[in-house]
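2 protein chains.
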Amino acid sequence: MNKFSLAVHGGAGTILKSAMTPAKEKLYRQALADALAAGYRVLAGNGSSVDAVVAAVLILENNSLFNAGKGSVFTNEGTHEMDAAVMCGKTLKAGAVANVTRVKNPILLAESVMNKTQHVFLAGKGAELLAEEFNLEMEKPDYFFDTLRHQQWLAAREAQTVSLDHKDIVTEKKFGTVGAVAMDSSGNLAAATSTGGMTNKRYNRIGDTPVIGSGTYANNNTCAVSCTGHGEYFLRAVAAYDISCLMEYKNLSLQDSCRIVVNEKLVKLGGEGGVIAVDGRGNIELVFNSDGMYRGWIRQNEEQNIAIYK
Amino acid sequence: MNKFSLAVHGGAGTILKSAMTPAKEKLYRQALADALAAGYRVLAGNGSSVDAVVAAVLILENNSLFNAGKGSVFTNEGTHEMDAAVMCGKTLKAGAVANVTRVKNPILLAESVMNKTQHVFLAGKGAELLAEEFNLEMEKPDYFFDTLRHQQWLAAREAQTVSLDHKDIVTEKKFGTVGAVAMDSSGNLAAATSTGGMTNKRYNRIGDTPVIGSGTYANNNTCAVSCTGHGEYFLRAVAAYDISCLMEYKNLSLQDSCRIVVNEKLVKLGGEGGVIAVDGRGNIELVFNSDGMYRGWIRQNEEQNIAIYK
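Protein sequences appear in the order of chains A and B.
For the first sequence, our numbering assigns the number 1 to the initial residue and increments by one for each residue that follows.
For the second sequence, our numbering assigns the number 1 to the initial residue and increments by one for each residue that follows.
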């Protein structure tokens, strides 16, 4: 039996202590703790890492603080478009969805794509049709409505900007994504990521979140990775799989691999954000090149850790 | 000045000489020769590798023999959904589109996404809206109608199968994708891929073609790769970037890297298909684990090569 481990994130970016109130910070910390607790329960019951990361992401999708699920930002058309992915490191099976608008929990749809179909990646109306066939919970637009998000969108639309974040001040950068990585007691790895994308986004833009290898990747031989950041750069860098390859082909540690990708390669490209990752020994890394990243991590029978700033 | 090189493919799969007529084979060979000629003209005029691979793919998209552009297969709903991607190895910039239904040349839209937007990956109606804004040629469904494809679809629908190919006999497997890779006289690499997806596909399924790192990847430090095959396996394998990583991190040759991914890793996963690739020295590889792959390649001032079978 291995000593299981779990990490979660709620997005990275310009998260400044000066702009945070104690009350708000408490809410964020509680949400991350809740997500860790949900994943921990699964792992402590000898559940799989896939079930654990899905359980953790589900909690974050249902919390309007984060740009995923319920808290998803508004598109240019005033709608919500969500992406999600999950990957199992044991089987290398994966499921991903993009541009779904009515699915309450996109991560559950991604999991169904992985477990119940011959496909990996589905999008838009087709993905939603499948969600209905699988009897997943669907929501009307008002479920995703949030006053703060709506104000952000109106401000972004007025400024004609595309905001990647769910920040009060649109000029600041924060990359709203949630994710989880885990190693279970059998030593199996998994990763899951979910997002509402960019505020005011157009053209059915897809970021790195649902792209296997870029925003989400898991492989028992190396690591499980969930990314958050300016998606276009993570796509061009194939960021998650790059971390895996540095471990597999250069025999680097999880720590060195994460740092090379996040602090060197992504910085060189101009890509802001971060990753959470776990390897086959249960080592956990939480690396970001932005001011902060909402994050939490825990190992079996150890204390929970929650952090926001550098 | 480097000696430029170029390769193209028109899909891989169960392509048996016994099922081919001399007249049909001639048409395929001519189409591949035309695509090579179009790319060669660009490279011979000191054009960029990006322009060359787009020019080559354009020819294949406009030929109804191949499952891309005009020759795209039918979805379950009797429509056409196309995916395409292009990547520049010098800048690591990339553009990709998925699930477009009316764009005459999806590869041109992918190129516009790369060159004229801040995004990498757009889908569906949003991507088509952008195509209209860029004044790209749009077509009505009848442009994509083809009697053979329609018969294949009716047969597939009757058999309730999802066919990945554009083969006369639905039980045979052929992976309809077109692609090109090139190194130009400045030593810059590029890759482009385009597809109509799987016959009778549902749920807005996306394969590896438009996924940077899986179906398409280019990096001047290593190689440019365009894949064709059972997309789900290429997605799970992050196949194109894996070839690049084997070169970059293990110092393997292009040949060894392609063979490990196509003949070992993909075979182990169960993924049928192939890749074309070129490295920074102008070496060309065309590797497949299926019975055949429509392919052609040429180096500056050398003879054109066209092949179909093993």
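Read the hints as simulated data drawn from the structure, not as lab findings.
One thing to keep in mind: the hints can contain errors.
Once the Cα atoms are required to be at most 25 Å apart in a straight line, the calculated DSS-like pairs of lysine-lysine come out as [claimed, not checked]: (1) A:K90 to B:K250; (2) B:K116 to B:K104; (3) B:K310 to A:K125; (4) B:K265 to A:K116; (5) B:K104 to A:K90; (6) B:K3 to B:K104; (7) A:K268 to B:K250; (8) B:K265 to A:K250; (9) A:K125 to B:K90; (10) A:K90 to A:K125; (11) B:K310 to A:K265; (12) B:K116 to A:K265; (13) A:K250 to A:K90; (14) B:K24 to B:K265; (15) A:K3 to A:K93; (16) A:K265 to B:K140; (17) A:K310 to A:K268; (18) B:K125 to A:K104; (19) B:K24 to A:K268; (20) B:K250 to A:K250; (21) B:K265 to B:K310; (22) B:K104 to B:K93; (23) B:K24 to A:K140; (24) B:K3 to A:K93; (25) B:K3 to A:K265; (26) B:K310 to A:K250; (27) A:K93 to B:K24; (28) B:K90 to B:K250; (29) B:K104 to A:K125; (30) B:K268 to A:K116; (31) B:K90 to A:K268; (32) A:K90 to B:K265; (33) A:K90 to A:K3; (34) A:K250 to B:K3; (35) A:K268 to B:K93; (36) B:K265 to B:K250.
What the simulated footprint calls covered on chain A by chain B, stretch by stretch (three residues with Cβ under 8 Å from a Cβ of chain B suffice, anywhere in the stretch; the number is not a length) [unchecked claim]: (37) 124-131; (38) 281-288.
From a predicted model like this one, the values you see are computed outputs, not experimental measurements.
For every residue, glycine included, the Cβ atom is placed at its ideal position computed from N, Cα and C.
List in ascending order the numbers of the hints, as given earlier, that are violated by the structure.
Failing hints, ascending: 3, 5, 6, 9, 10, 11, 14, 16, 19, 23, 24, 25, 26, 27, 34, 38.
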